[in-house]
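S.K.: Below are the chains, spelled out letter by letter.
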Amino acid sequence: EMQLVESGGGLVQPGGSLRLSCAASGFTFNGYWMTWVRQAPGKGLEWVANINQVGSEKNYVDSVKSRFTISRDNAKNLLYLQMNTVRVEDTAIYYCARERVMAGSDYWGQGTLVTVSS
Amino acid sequence: DIQMTQSPSSLSASVGDRVTITCRASQDISNYLAWYQQKPGKVPSLLIYAASTLQPGVPSRFRGGGSGTDFTLTISSLQPEDVATYYCQKYNSAPPLTFGGGTKVEIK
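In the order they appear, the protein sequences are chains Z and C.
Residue numbering for the first sequence is 1 to 118, as defined by the working numbering.
Residue numbering for the second sequence is 1001 to 1108, as defined by the working numbering.
Because the hints were derived from the structure by calculation, they are not lab data.
Heads up, the beta-carbon is just placed ideally off N, CA and C, and yes, glycines get one too.
A portion of the hints provided could be inaccurate.
To be verified - DEER-style ranges, computed between Cβ atoms:
1. Z/S56 x C/I1002: 23 to 33 angstroms
2. C/G1041 x Z/V54: 34 to 44 angstroms
3. Z/L11 x C/D1070: 37 to 47 angstroms
4. Z/E89 x C/G1041: 21 to 31 angstroms
With the hints as extra help, turn the sequences into a complete structure.
M.R.: Written out as structure tokens, the structure is:
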């Protein structure tokens, strides 16, 4: 059974750092782009970043560029999102999702909540 | 960056009604558009990709259409289990892979 399980969320102070992880199972992890999407409380979906199969291509939404880093460990079937210099507006549920090339994100994890507050 | 604009932001319809949601891209995205459904308190799920291809397991009352800049999601006969917020997303090769603002569908 295909599964994506996020972890690493929690309460962090503005300016702090956090690393989110997404453990993948049930599919050939290194065969897919992977993506992070976030959803602030009561708000819509916002695409955050994605990474290609080997980690050589990474893309970010402007609001997180230079602060967040997406990466992956194909040997461990893990996707990461390193969040640095976090802001109150980064407060959201962060979902990892599997991307199919030119076909949308077909599997999503349950999400992990990140709260940025002093 | 390409902007994605959905309308309406919310709607209320009766069971059995035909419901149409529109999504407009600020530039031509060909058919690189997906629709997602997010039920209250749940994780988003993929409904349609390539503008009109139903994801396996999605009921046939859902239909996607359009290309270029104008797209539609139609529910032919609204059911109680369709109460959700619906999002479009463009995924052509140029990031960011922007979502529309969402359309909340409720039962009247």
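S.K.: Go through the numbered hints given earlier and state which of them the structure violates, listing their numbers in rising order.
M.R.: Of the numbered hints given earlier, the structure breaks none, since each of them holds.
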